[in-house]
Each structure stands twice: as structure tokens, then as C-alpha cells.
Amino acid sequence: MDKGQVKGERLSLLIAGDDAAAKERVLGFGRELGFDPIDAGPLRNSRWLETLGYLNILLGCVQKLGPDIGFRVVR
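Going by the numbering used here, the sequence shown opens with residue 1, and the numbers climb by one from there.
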């Protein structure tokens, strides 16, 4: 993954949190890094984001898709 992209495709960066100001800062950092940042709602939703991260690791390492993979929400 380089600059929020894989093979020219912009990756989604899902952000969950309860502090609106802090979340806006992180969403801004994500934009600066080249990601497509998405507000994923309150902090309680982070449990689902962690699972998605684990799936990404399994696909990359165990299923041998390699390190240059990621997820993108198509809207």
C-alpha cells in the first residue's frame, strides 16, 4: 500500500469514534495520505473495523495475496 492506494485504486479508511473533533482530524489525516476516509460512526463500531483488519491480514498472509491489498467502499 502506497499513499492510500493499491495499484492505483484509492483505499477506504474507516474511522469510528465518539469525539467528533478528533474524528474530523483523523479523517483529514486520511485525506492527506491519499485515502478515501469514511466516518464509520461511534466508537462501538470499531469492533467491526478490527475484524475487517484481521481479514485483511489473513488474505494477505495466510491466503498469500501479498501485502499490497486493501478494501474500498464503492459508493
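Derived from the structure by calculation, the hints contain no laboratory data.
A quick note: this is a predicted structure, and the numbers were derived from the prediction, not measured.
Do not take every clue at face value.
In silico SDA-like links for lysine to any residue, alpha-carbon gap of 25 Å or less [unchecked claim]:
#1 3 / 30
#2 64 / 40
#3 64 / 45
#4 23 / 62
#5 7 / 47
#6 23 / 45
#7 23 / 40
#8 3 / 68
#9 7 / 74
#10 23 / 64
#11 3 / 31
#12 64 / 75
#13 7 / 42
#14 3 / 67
Label pairs and their calculated CB-CB ranges [said to hold, decoys possible]:
#15 66 / 21: 35 to 45 Å
#16 60 / 10: 24 to 34 Å
#17 63 / 21: 17 to 27 Å
#18 3 / 74: 15 to 25 Å
#19 65 / 19: 18 to 28 Å
#20 32 / 72: 30 to 40 Å
#21 62 / 21: 32 to 42 Å
#22 20 / 62: 29 to 39 Å
#23 72 / 50: 27 to 37 Å
#24 45 / 65: 38 to 48 Å
#25 19 / 73: 16 to 26 Å
Virtual Cβ for every residue (Gly too), placed ideally from N, Cα, C.
Do the hints match the structure? See the list:
1. 3 / 30: Judged against 25 Å, a Cα distance of about 10 Å means the pair holds.
2. 64 / 40: 28 Å, violated
3. 64 / 45: Violated. Residue 64 to residue 45 sits at ~28 Å, over the 25 Å cutoff.
4. 23 / 62: 32 Å, violated
5. 7 / 47: Violated, because 28 Å separates the two Cα atoms, which is more than 25 Å.
6. 23 / 45: 13 Å, holds
7. 23 / 40: 10 Å, holds
8. 3 / 68: 12 Å, holds
9. 7 / 74: OK: residue 7 and residue 74 at ~16 Å, within 25 Å.
10. 23 / 64: At roughly 33 Å apart (the allowed maximum being 25 Å), residue 64 and residue 23 break the hint.
11. 3 / 31: Holds: residue 3 and residue 31 sit about 10 Å apart, inside 25 Å.
12. 64 / 75: Violated - the C-alpha atoms of residue 75 and residue 64 are around 28 Å apart, more than 25 Å.
13. 7 / 42: Answer violated: residue 7 to residue 42 is near 31 Å, above 25 Å.
14. 3 / 67: 14 Å, holds
15. 66 / 21: 35 to 45 Å: Once the Cβ atoms are compared, 37 Å apart, the range 35 to 45 Å for residue 21 and residue 66 holds.
16. 60 / 10: 24 to 34 Å: Violated - the Cβ-Cβ distance for residue 60 and residue 10, about 18 Å, lies outside 24 to 34 Å.
17. 63 / 21: 17 to 27 Å: 39 Å, violated
18. 3 / 74: 15 to 25 Å: Since residue 3 and residue 74 have Cβ atoms about 20 Å apart, the given range 15 to 25 Å holds.
19. 65 / 19: 18 to 28 Å: 34 Å, violated
20. 32 / 72: 30 to 40 Å: 18 Å, violated
21. 62 / 21: 32 to 42 Å: 38 Å, holds
22. 20 / 62: 29 to 39 Å: Check passed, 37 Å falls within 29 to 39 Å.
23. 72 / 50: 27 to 37 Å: 18 Å, violated
24. 45 / 65: 38 to 48 Å: 26 Å, violated
25. 19 / 73: 16 to 26 Å: 22 Å, holds
Of the numbered hints listed earlier, those contradicted by the structure are 2, 3, 4, 5, 10, 12, 13, 16, 17, 19, 20, 23 and 24.
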